Structures are given as structure tokens and as C-alpha cells.
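For the record, in the sequence shown the residue sitting at position 31 is 31 according to my numbering, with numbers rising by one throughout.
Worth flagging that the hints you see were computed from the coordinates, not collected in a lab. Remember, it's a predicted structure, so these values are computed and weren't measured experimentally. Wrong hints could be hidden among the right ones.
Said to hold, decoys possible - Below 16 angstroms or equal to it, Euclidean Cα-Cα: the simulated EDC-like pairs (lysine to aspartate or glutamate) are: (1) Lys82 to Glu111; (2) Lys82 to Glu49; (3) Lys373 to Asp402; (4) Lys399 to Asp371; (5) Lys344 to Asp371; (6) Lys332 to Asp125; (7) Lys66 to Asp92; (8) Lys79 to Asp42; (9) Lys373 to Glu345; (10) Lys404 to Asp92; (11) Lys404 to Glu379; (12) Lys168 to Glu144; (13) Lys332 to Glu351.
As the list claims (entries may be wrong) - Okay, the calculated beta carbon distance ranges per label pair: (14) Glu49 to Gln11: 20 to 28 angstroms; (15) Leu241 to Gln306: 23 to 31 angstroms; (16) Trp94 to Val196: 50 to 58 angstroms; (17) Asp402 to Arg213: 25 to 33 angstroms.
Virtual Cβ for every residue (Gly too), placed ideally from N, Cα, C.
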Amino acid sequence: MKNRKISALIQERNSWKSGRILVLTGARQTGKTTLARHLFPDYHYISIEDPLLRSQYSRLTASQWKLQYSRAILDEVQKEAKLIESIKSVYDQWPEPRYILLGSSQLLLMEKVKESLAGRCIIIDFYPLTLPELRTHSWNDPVENSLFQEELLNTMAEDYLPSFVLDKNMAEKEQAWEHYLRFGAYPAVSDDEMSVEERTVWLQNYVRTYLERDIRDLASFRDLEPFIKLQRYLVENTASLLNATAVGNQLGITSKTVQRYLHYFEVSYQSILLPAWSANPNKRLSKMGKIHYLDNGIVQAVLQKQGGVTGNEFKSLVVAEIYKQIRVADIKVQLSHLRTYDGKEIDLLIETPDYYLAFEIKMTHRATRADAKNLIGLETILDKPLKRAYLLTNDRETKCFDDKTVALNVTMFLG
1 MKNRKISALI
11 QERNSWKSGR
21 ILVLTGARQT
31 GKTTLARHLF
41 PDYHYISIED
51 PLLRSQYSRL
61 TASQWKLQYS
71 RAILDEVQKE
81 AKLIESIKSV
91 YDQWPEPRYI
101 LLGSSQLLLM
111 EKVKESLAGR
121 CIIIDFYPLT
131 LPELRTHSWN
141 DPVENSLFQE
151 ELLNTMAEDY
161 LPSFVLDKNM
171 AEKEQAWEHY
181 LRFGAYPAVS
191 DDEMSVEERT
201 VWLQNYVRTY
211 LERDIRDLAS
221 FRDLEPFIKL
231 QRYLVENTAS
241 LLNATAVGNQ
251 LGITSKTVQR
261 YLHYFEVSYQ
271 SILLPAWSAN
281 PNKRLSKMGK
291 IHYLDNGIVQ
301 AVLQKQGGVT
311 GNEFKSLVVA
321 EIYKQIRVAD
331 IKVQLSHLRT
341 YDGKEIDLLI
351 ETPDYYLAFE
361 IKMTHRATRA
371 DAKNLIGLET
381 ILDKPLKRAY
391 LLTNDRETKC
401 FDDKTVALNV
411 TMFLG
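Model the full assembly from the supplied sequences, consistent with the hints where possible.
See the structure below:
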């Protein structure tokens, strides 16, 4: 069992006066149910998956909920709108009851939450495991901050600059990284007793279930084929600019359909669209974003391959890991990519209220100054100070190219 960093955030929010209803939403099989039942063992657990039980619970009055289930975990709650109305009624009438609502469809769940629980709940997003979480073996193992998280939380970057040889946890980090490259970070495939074949089959079944259940829950598809084509296109072109019109022309669907399907991928926690940076925030949405798939195990399963990643897949799995680590630590920053008119590209910009961090991501095992050329001098086009520019690679040696630009081993930095 892997420990989860988000546990502390969930417990903290649950202790708040405004935390009487927590909504945990994330992709299927990311560990929401397991963690909720572990953190709140005294809560009744109610699954809404079974249609017969769903009908029984939907007939309970607010008073019955208060008397019989004053503290409860409701799983897949988006499948029964009446239950959310009941929880709202309990919330409005009595201050004591507390509820944890779990859902695997952000779109369906959030529609119902906005309708019934606006201002009454706290929403927490759930993702596959991060690299520091992959290194744990039980609930009791502490989840350490990665060096990246320390950079954002404690601003002590200078402490990270020595070579990885001084990192006593490097072997453990490398083991987690290799697993992440091959199988992604869903909790089920992190079981040490699973064979390679078992993990591969699990991931293939996950992709099939996603198409047959999750997506059909989101939308009434008469024909899944265009959606499947777009899924494969996104996987094959992860870390690339996305032009909805061009994609639609290539796949034989309209740009509006591409945009709608892309939204489904995002709200089901399969991908993110990284907006383009502009000094004018109002212009960021008008520029082309970059698509990044959030789990490399799913990428491998869709492409039906095992082991080995392309340069773009490497970029995406690094961006995805950074994205997850930001979200589970509840760090308030903005993410974007940068592309100038003269062709200079930066894979990732992280914007805080006071400064930027910039990242170039290369799969090379020997980082050179040429690899960092787009990072050097970047501060001249930004509207806030550039605190540090990172070149993340597989090179085991830390290299400083100037007072702000440093090449770091990606495993050391994120593990």
C-alpha cells in the first residue's frame, strides 16, 4: 500500500468548519475509495454503483440520513442526483453530520455539485501516484517532498545543486522512476507482486473500461470511433501543439467536436492542455496549447507497446509529474508553455505571484549548454523575475550554465 501526500490536505480540510462536505474527484482507480476509508474508518461506506442499493438510499429522507448515516463516505455519488439533494438538506438543517463524496467523473459530479452544493463543500482533485508516493510501502511511510516541491514551498534551490551522488535516496528514486516510465503511476500497477504481464493487462483493461464506461457516462456516443481516433492522435502527439481545426481535418471531424472531446479527456483526468504564455493573460487562451497525457502507463497501453519512450513522451511524463506534485501539495501557481515568434520554445513555465521558474526537458544522458540555449536570457521577455531555469535530463551530473540556469538529473529532482 502506498501512502498519499494528499492525506494531510484531506484531513485538514475535514477539520474546518466549512469542511463538513468534502468532494474527492479523480480518475477511476486512483485510490480515492481506499484512502477515504483509511482516513475515516468510523464513517459508513456507501457505494452507489449497485442500482438496487442506489434506489434504497435515494428514498431516505434527510432525517433518516441524519439518524442512520450522520458520517458517511458516498462512492460514485454522481450516479444518483437525489442523494446529493439529500446531503444538501442534511447540511442545511443540522451542523453535526459530515460527508465524503467520491466521484470518478468530474463533469457529471461537478454539474450536480454546482446545482446543489455550491458554497457548502470543499472540492479536492485526485491523481495517480507521484514519484515520492511510489517510494512508500505502507500508510506509515512518510511521503517526502521532492526537491522540486521544496523549491516551490521553501525556496531553497541552492541546497539542490550538489551532484546526485550525495543523494542517499538516489537508488530508491531511480527504481520509482523506472516503474513510472514503464507502467505509469496508477496504484494498482504499483503492487510489487504483480508481473509485467499482469500490469500490462491491467492497463489495457483500464483503457477499455474508460471507453466503455466512463466516456459513455459523460456523453451519449452513437459511434465511439471518432473519439478513439482522437485518443490515439493525442497519445501519439503528446507534448505537441494542438490545432483543433488541423486535427479535425486529419481525423474527419469538426473542430468543435475535437474541442468537445478534448474537454472530455481533461475532465476525466486523462490529459491536460497547457496554455501558451503571453505577457497579456487575456491572450493566453487564444494561442495554441500543448497537450500532455497524464499517465505514461495509459500511453503505453493505447499504443500497445512496452518499455521505451520517445522524446515527446518523456517531456509529457515529466510535465505530468510536476503537475501532480503541484496539485497534491496544494501549491497555487500557473502553468504554461512558451513559444516566441522567432521559434524559441520553453517546455514549461511556472508562474508564482512573484517570479517564474522555467523548464526545458531533454531525454539526453549528457546535458550541454546547447540544450539550455532557450533558457539562457529568457528573463528579458518575461514580466516578472526569472528565479531559476532548469534543464531536466537523464544526465547524472549537475551543471551550472550561468547564475540562474542549471541542468539537473530529473530523477533526483522529482523523485
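Results for each hint:
1. Lys82 to Glu111: holds, 13 angstroms
2. Lys82 to Glu49: Between Lys82 and Glu49 the Cα gap is close to 14 angstroms, so the pair holds against 16 angstroms.
3. Lys373 to Asp402: This hinted pair holds, its Cα atoms lying about 11 angstroms apart.
4. Lys399 to Asp371: Cα-Cα ~12 angstroms, so holds.
5. Lys344 to Asp371: At roughly 12 angstroms apart (the allowed maximum being 16 angstroms), Asp371 and Lys344 satisfy the hint.
6. Lys332 to Asp125: Holds. Lys332 to Asp125 sits at ~14 angstroms (cutoff 16 angstroms).
7. Lys66 to Asp92: holds, 11 angstroms
8. Lys79 to Asp42: Between Lys79 and Asp42 the Cα gap is close to 24 angstroms, so the pair fails against 16 angstroms, i.e. violated.
9. Lys373 to Glu345: The hint holds at about 10 angstroms.
10. Lys404 to Asp92: The given pair, whose Cα atoms are some 53 angstroms apart, is violated under the 16 angstroms limit.
11. Lys404 to Glu379: holds, 10 angstroms
12. Lys168 to Glu144: holds, 13 angstroms
13. Lys332 to Glu351: At roughly 9 angstroms apart (the allowed maximum being 16 angstroms), Glu351 and Lys332 satisfy the hint.
14. Glu49 to Gln11: 20 to 28 angstroms: holds, 26 angstroms
15. Leu241 to Gln306: 23 to 31 angstroms: holds, 28 angstroms
16. Trp94 to Val196: 50 to 58 angstroms: At 52 angstroms between Cβs, range holds.
17. Asp402 to Arg213: 25 to 33 angstroms: violated, 51 angstroms
Checked against the numbered hints above, the structure breaks hints 8, 10, 17 and satisfies the rest.
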